[in-house]
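Student: Protein chains in written order, with this note's numbering: chain A, 1 to 237; chain B, 238 to 474.
Rather than coming from a laboratory, the hints here were simulated on the basis of the structure.
All C-beta atoms in this analysis are idealised placements derived from N, C-alpha and C, irrespective of residue type, glycine included.
Check each hint, because a few of them may be wrong.
What the hints assert, rightly or not - If you want a taste of the chain A side facing chain B, the calculated C-beta under 8 Å gives, among others: (1) Leu14; (2) Leu46; (3) Thr71; (4) Leu131; (5) Val134; (6) Met176; (7) Pro180; (8) Ile183.
To be verified - Below 27 Å or equal to it, Euclidean Cα-Cα: the simulated DSSO-like pairs (lysine-lysine) are: (9) B/Lys374 to B/Lys286; (10) B/Lys286 to A/Lys74; (11) A/Lys74 to B/Lys252; (12) A/Lys15 to B/Lys374.
Claimed, not checked - Beyond 12 Å from chain A on every Cβ pair, some chain B residues (computed): (13) Asp248; (14) Asn278; (15) Arg299; (16) Ala305; (17) Ile306; (18) Leu319; (19) Asp337; (20) Ala359; (21) Val371; (22) Glu389; (23) Pro417; (24) Arg418.
Protein chains: 2
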Amino acid sequence: MVSSHILSAYDEELKYLRRRISEMGGLAEQMCGDAVRALVNGDSALAQKVISDDVILDHAEREIQDKAIVTIAKRQPMAADLREIIGTLRIAADLERVGDLGKNTAKRVIAVQGHGVPRKLARGLEHLSDLAAVQLKEVLDVYASRSAEKAEAIRLRDEEIDAMYTSLFRELLTYMMEDPRNITTCTHLLFCAKNIERIGDHATNIAETIYYMTTGAVPEGERPKDDTANTVGAIAD
Amino acid sequence: MVSSHILSAYDEELKYLRRRISEMGGLAEQMCGDAVRALVNGDSALAQKVISDDVILDHAEREIQDKAIVTIAKRQPMAADLREIIGTLRIAADLERVGDLGKNTAKRVIAVQGHGVPRKLARGLEHLSDLAAVQLKEVLDVYASRSAEKAEAIRLRDEEIDAMYTSLFRELLTYMMEDPRNITTCTHLLFCAKNIERIGDHATNIAETIYYMTTGAVPEGERPKDDTANTVGAIAD
Numbered sequence: 001m002v003s004s005h006i007l008s009a010y011d012e013e014l015k016y017l018r019r020r021i022s023e024m025g026g027l028a029e030q031m032c033g034d035a036v037r038a039l040v041n042g043d044s045a046l047a048q049k050v051i052s053d054d055v056i057l058d059h060a061e062r063e064i065q066d067k068a069i070v071t072i073a074k075r076q077p078m079a080a081d082l083r084e085i086i087g088t089l090r091i092a093a094d095l096e097r098v099g100d101l102g103k104n105t106a107k108r109v110i111a112v113q114g115h116g117v118p119r120k121l122a123r124g125l126e127h128l129s130d131l132a133a134v135q136l137k138e139v140l141d142v143y144a145s146r147s148a149e150k151a152e153a154i155r156l157r158d159e160e161i162d163a164m165y166t167s168l169f170r171e172l173l174t175y176m177m178e179d180p181r182n183i184t185t186c187t188h189l190l191f192c193a194k195n196i197e198r199i200g201d202h203a204t205n206i207a208e209t210i211y212y213m214t215t216g217a218v219p220e221g222e223r224p225k226d227d228t229a230n231t232v233g234a235i236a237d
Numbered sequence: 238m239v240s241s242h243i244l245s246a247y248d249e250e251l252k253y254l255r256r257r258i259s260e261m262g263g264l265a266e267q268m269c270g271d272a273v274r275a276l277v278n279g280d281s282a283l284a285q286k287v288i289s290d291d292v293i294l295d296h297a298e299r300e301i302q303d304k305a306i307v308t309i310a311k312r313q314p315m316a317a318d319l320r321e322i323i324g325t326l327r328i329a330a331d332l333e334r335v336g337d338l339g340k341n342t343a344k345r346v347i348a349v350q351g352h353g354v355p356r357k358l359a360r361g362l363e364h365l366s367d368l369a370a371v372q373l374k375e376v377l378d379v380y381a382s383r384s385a386e387k388a389e390a391i392r393l394r395d396e397e398i399d400a401m402y403t404s405l406f407r408e409l410l411t412y413m414m415e416d417p418r419n420i421t422t423c424t425h426l427l428f429c430a431k432n433i434e435r436i437g438d439h440a441t442n443i444a445e446t447i448y449y450m451t452t453g454a455v456p457e458g459e460r461p462k463d464d465t466a467n468t469v470g471a472i473a474d
């Protein structure tokens, strides 16, 4: 009786951690969308909201961490249960980083506001952001369903975001070369694009962590990488 | 007799983790210096070495992680010992990220090589990189000595790197505006500067983790932040 009582309290602790991760995920997802909307529309109030939300996200990570450590110390879990908790710590850290990237984008609103973001530039960034939002949303769904197979599928799709980032990078460079007055705005947009591309990387990290939590193994093979924006150079000649 | 034998095996495991973290730190530190040298001198062979070193660093993180989890499961540590192992996991993750940032810088060698990095631009980047290297080296020394006081001192010094990054960001923007032929090279240098600034952030994270490992607490107050480069805009008018 006592033992089943303890077991159930333990299950409650794991459930609590899971719920908190889902909440963090929901907030991080919303922040990313808000940050790009704030930037594109020059909406300082929305940018400020993203910056405040990041404080909530930071506290959530710290709370999950404390809770997870207390659970490990109290319950001394083994194997799958231990992986579950270690995985929770890693996912919380990734979501916290996603929030930081959203905040960084939001902060740039002040920089581009006066200049305004030309519609044709905004479109590419919005598209990239939508793709990252889908990736983040889906990986959070997989977190709830714990399918190693789906986690692996999401992990392999990071390629798409990388390719779109590379194309946006090239496009923004050409706008800068066309007109020096675009340089500051486009530089900030380049960093925002990079932030969004990295949100995709964190979604991929989360997919790998779910795979590990479910199977105890690390996914086979390098994830496909098409980050040629790091080496784009020829178009500047 | 048996119990002291177990205790000593446990100490050996902790010592092993500590040694592996120091090795990771040494490699990450070297990679960062090499990456900037490779970039500034257009040295593709050195860039390739940094990219290969990153694979070693990734494997080291994974190995530390597996080892740490086995240790938690086998030894079921409490309080300070548990913090030690959780802290180890976090530091390994930060060092792995430092390696990624070094690799990202090294990859840009291909992009700027044909153009060459003007001496006056390289100087600012080298200076920033030296500062980050000192920060990283000192935090690794503090990891060995476990002084919460020194960890806190390093954490507060991140400000200096942020200020220098902001100044370099402004400088690079002006070079881009002066001559559109600088745009591609300077864009890559901006990203490299951002990478180095983020290496400073990871050194700060490590300092916070050491503080936590030593005291069980999180350092008081927000760390000073002077990342106004995110909001620099006026100079583009």
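Student: Each hint: holds or not?
Tutor: For each hint, the structure was consulted:
1. Look at A/Leu14: its Cβ only gets to about 16 Å from chain B, farther than 8 Å, so that hint breaks.
2. Here the hint on A/Leu46 is broken, as its CB sits about 16 Å from the closest CB of chain B, past 8 Å.
3. Taking 8 Å as the C-beta cut-off, the interface hint given for A/Thr71 is violated, the closest approach to chain B being about 11 Å.
4. The beta carbon of A/Leu131 comes no nearer than 21 Å to any beta carbon in chain B, farther than 8 Å, and the hint placing it at the interface is violated.
5. For A/Val134, the suggested interface contact is broken, since its CB lies about 24 Å from the closest CB of chain B, more than 8 Å.
6. Checking A/Met176 against chain B by beta carbon gives a least distance of about 5 Å; that is within 8 Å, so the hint holds.
7. Restraint check, A/Pro180 versus chain B: the minimum CB separation of about 5 Å is within 8 Å; hint holds.
8. With its C-beta approaching chain B no nearer than about 5 Å, A/Ile183 sits inside the 8 Å limit, and its interface hint holds.
9. For the suggested pair B/Lys374 and B/Lys286, the alpha carbons sit about 21 Å apart, so the restraint of at most 27 Å is met.
10. Taken as a hint, the B/Lys286 and A/Lys74 pair is broken in the structure, with Cα atoms around 45 Å apart against an allowance of 27 Å.
11. The straight-line distance between the Cα atoms of A/Lys74 and B/Lys252 is roughly 24 Å, inside the 27 Å bound, and the hint therefore holds.
12. Straight-line distance between C-alpha atoms of A/Lys15 and B/Lys374 comes to about 41 Å, which puts the hinted pair past the 27 Å bound.
13. Separation of B/Asp248 from chain A is adequate, the least Cβ-Cβ distance of about 19 Å exceeding the 12 Å criterion.
14. Here B/Asn278 stays apart from chain A, with its beta-carbon at least about 16 Å from theirs, past the 12 Å limit.
15. With a cut of 12 Å on Cβ distances, B/Arg299 falls inside the contact zone with chain A, its closest approach being about 7 Å.
16. With a minimum CB-CB distance of about 8 Å to chain A, B/Ala305 fails to clear the 12 Å threshold, and the non-interface call is violated.
17. In this structure B/Ile306 is not separated from chain A by more than 12 Å, as the shortest Cβ-Cβ distance comes to only about 6 Å.
18. Not every beta carbon of chain A lies more than 12 Å from that of B/Leu319, the smallest distance being close to 5 Å; the non-interface claim is violated.
19. A beta-carbon of chain A is positioned within 12 Å of the beta-carbon of B/Asp337; the least distance is around 9 Å.
20. Even its closest Cβ contact with chain A, about 17 Å, leaves B/Ala359 beyond 12 Å, as expected for a residue assigned away from the interface.
21. The Cβ of B/Val371 sits about 24 Å from the closest Cβ of chain A, beyond the 12 Å cut-off, so the non-interface label holds.
22. Non-interface status of B/Glu389 relative to chain A is upheld: no Cβ of that chain comes within 12 Å, the nearest being about 18 Å off.
23. At the 12 Å boundary, the C-beta of B/Pro417 falls inside the reach of chain A, the nearest C-beta of that chain being 5 Å off.
24. A beta-carbon of chain A is positioned within 12 Å of the beta-carbon of B/Arg418; the least distance is around 7 Å.
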